[in-house]
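K.L.:
Sequence:
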Amino acid sequence: MSFLPSKESTNNNEAPKVNRNKENASTDPTNPTTSKLSLALKEAGEELPDPHEHHFEHEEEILKEVTQKLTNLKDEDLTKANPQGTTTSVNEHVVEGENIKEPTSLKQLLQAQLGEDISNDSDTDSDVDPANEEDLEDYVPGGYHPAYLGETYKDGRYVLVRKLGWGHFSTVWLAKDIQENRHVAMKVVRSAKSYRETAIDEIKLLSKINHTDPQHPGHRHLIKLLDYFDHQGPNGTHICMVFEVLGENLLSLIRRYKHKGLPIKFVKQIAKQILLAADFLHRQCGIIHTDIKPENILLEIEDVEKLVKYLEDSQRERKLLRRVSSRLKESGGEGSSSSLDEDKRQIPFRKSRHSRRQTLVTGSQPLPSPLRSKSNSFFVSPLQSSISTFAGRTVGNIPIRSETSHQDLQFLLHKSFKESDPFSAEPPREDELEDDDLITVKIADLGNACWVHRHFTDDIQTRQYRAPEVILGANWGCSSDIWSVGCLLFELLTGDYLFDPTEGPTFSKNDDHLAQIIELVGPISRHVLEEGFNTKRYFHSDMKTLRQIKNLKPWPLESVLMEKYKLSETDSREISDFLGCMLITDPKFRMDAAGLSNHFWLNDCGSFGYIDREPGTRGEDVGAGWYREVRKHH
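If you're matching positions, the sequence shown starts at 1 in UniProt numbering and goes up one per residue.
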């Protein structure tokens, strides 16, 4: 919740914005290349934006490459030549030696997807709660593809090995790339035209990132698109997007610290990396993310293959322990029950999640994320103690293996995503961190991103991270991302939202949101108020006082940090100075990511790269796109 006093209590949080009010892009019929491509795209049901609108180097070639690739993949001969990647004629699937019929119920679908014996019985040993999975009714033409463990894609190159999660847009899988002998994350997008168009937009944005200056220090802090292709299934043609495997998001980390804030050292490291990545997006790529928040910042996994091997081994251990539990219960042996009950408490089964917000992707079987540290049991799985208890023993003629490596367990953050509350592990405190403790993150999910020169919609940003210009319906640009970064960093430091507006009997969430902003950082810029087409709805004609909320109580950020969160005077002053540069209500004068990456508060955060830019710059070399959309006129 917000640190500010609520006007009215409510549990209503708005979901992130995912709709895109796309405009029809035009093509130039006088350009032979564009004309030929346009005809091909029109035949394939796709669109290509006017290449003259793209003023960044090589972007036209990137767009052509992306769209032509997707067009070619729709070729009927290619589909026929790819029987392993086609599911339309498959009535039975083979998963780990078992024949699984086409799912006719959510239970059967989950069994095919998760390799679990799903039961409606509340006492089941299954870790999967069907209530946490996507609706079966969305497995229809235009909807999700009925993917299953062991299914192959792209002529057998990719094999699904684990369901990581799902969202409104797609299901997300861990897959084995046979060609490169590595594991990847794969999004299988719903097949309806609107989802397909959004996926193509995202691919163009991600391709721009891939093709732009890899030497920039922010490049490595953005998720990488490795491949994309079409996959034909019973519900239509689905775009599949292949990414590097990343770990949990920052919301998971916030929760693991029990909403009491991360160590300042980690926050500084994360801030530096996010700012480098944002600068790369804004100045090098001409891209605005529009949805920066903890859910969209993912932790990097240093050794994916080591992690996957550990997960496979430990899953077998867990199933074995269940069998041991069952045998002991049946035998009713003395002395067994209490020790087993204790072990079961160490490995509680996964329950329904009650998130403090609605997320775009729900984790079915998400991966944990290792951090590099030598100092804390934070990196040891809750499963370790139970394995140690049974190691080397034989119970009911079932041998218990003991070769799980203690070192491997310590390498991992925790493995409790599967058998326990994923946020139960105790993270390291500030005074337990060592000099070489490091956290590495990447910005992910560009599904809502847009170009500096072409905004897809004005309905952007998740509520708690929404900039005042967006609330008011004024012009916005790259600098709106910077506002979101400021809100996110405050949340990492404190565990609380910076702004968490509520709706009351006489005022809306927007009224309360604007009131909270004014209480924290002062009056909203007059020129933003004059621009906003919603301003008259919330402000009196003097453009100073709110219509629905009176008697505001200013509480500056520095005071909040000292009085509510008990930070030292020095920390409060320095953090307030840093975040204050991002929380300027006039987007034109908000400081840019490159300059902020050199702010003095980040001097001791470690080496993540350097941009030669003085603190205090305000997007001058981005131009007007820093604070508004800049369209090209022809």
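Don't read these hints as lab results, they were simulated from the structure.
A hint or two may mislead.
[Claimed, not checked] Each pair of labels, with its calculated beta carbon distance range:
1) Phe533 to Lys309: 51 to 59 Å
2) Glu137 to Phe600: 17 to 25 Å
3) Thr617 to Lys553: 30 to 38 Å
4) Glu569 to Asp138: 27 to 35 Å
5) Thr617 to Gly522: 40 to 48 Å
Remember, predicted model here, so these are calculated numbers, not experimental data.
A virtual CB, placed ideally from N, CA and C, is assigned to each residue, including glycine.
K.L.:
Evaluate each hint against the coordinates.
P.N.:
Here's how the hints hold up against the structure:
no., hint, result
1, Phe533 to Lys309: 51 to 59 Å, "holds (56 Å)"
2, Glu137 to Phe600: 17 to 25 Å, "violated (54 Å)"
3, Thr617 to Lys553: 30 to 38 Å, "holds (34 Å)"
4, Glu569 to Asp138: 27 to 35 Å, "violated (53 Å)"
5, Thr617 to Gly522: 40 to 48 Å, "violated (22 Å)"
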